[in-house]
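S.K.: Read off the chains here:
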Amino acid sequence: DAKTTQPPSMDCAEGRAANLPCNHSTISGNEYVYWYRQIHSQGPQYIIHGLKNNETNEMASLIITEDRKSSTLILPHATLRDTAVYYCIVRPDNYGQNFVFGPGTRLSVLP
Amino acid sequence: KAGVTQTPRYLIKTRGQQVTLSCSPISGHRSVSWYQQTPGQGLQFLFEYFSETQRNKGNFPGRFSGRQFSNSRSEMNVSTLELGDSALYLCASSLGGGTQETQYFGPGTRLLVL
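Residue numbers (the working numbering), protein chains in the order written: chain A, 1 to 111; chain B, 1 to 114.
Same shape as in the complex, but just chain A (with noise of 0.2 Å):
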């Protein structure tokens, strides 16, 4: 099973941020979380992944909670391109375990 909670859909005006939650209380030390994300069944594409402290890249940033058991995806500046299904992974911490992905969260960027 999914070690992450998510919201099943949002919406975001285009031009403004979007900010998708993700809880995962029962995370454990090494874990680390990834998104990605996937447009309409193409592959899921790889966003962000961090440990403990804020993270951002070109495409995001992630900001997690200091008890770790939730973070948000924060798209700065949403486009009609960024409607897709967003996954929040746990990553187990051993050799060889892959994601288990849960439903994810569909964001519908609106004009």
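Hints in this document: simulated from the structure, not taken from any laboratory.
Note that the structure is predicted; figures quoted are calculated from it, not measured.
Under the rule of at most 20 Å between Cα atoms (straight-line distance), these lysine to aspartate or glutamate pairs were calculated in the DMTMM-like manner: (1) Lys57/B / Glu75/B; (2) Lys52/A / Glu101/B; (3) Lys13/B / Glu75/B; (4) Lys3/A / Glu101/B; (5) Lys1/B / Glu58/A; (6) Lys52/A / Glu31/A.
Covered by chain B, according to a simulated footprint, are these stretches of chain A (three or more residues, beta-carbon under 8 Å): (7) 31-44; (8) 98-111.
Note that the Cβ used here is the ideal one computed from N, Cα and C, for glycine as well.
Position chain B against the provided structure of chain A, taking the given hints into account.
M.R.: Relative to chain A, chain B alone:
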């Protein structure tokens, strides 16, 4: 660098047939994982290969098998196809499959079983 490539992109088979799907990882990546995505079950892990050895396996029947070659390319095979095997099959690669390594996904092979 070229991304993960999968062939074929689309495939139609009939029940009882078998199918082989191919995945070429990003150059230098030695870990290849396979996933199945269906509308009902979502994205589910099938198996992972590293250095030609299956290192991890999901909860799928033995009709689903795979292998990895010395150049890290991987194939998965599904025998005795069932209607429920219709799905998007995704391949992902990473350097060595460690916990700090990102998996990069290919575009997928869409299989339709009639």
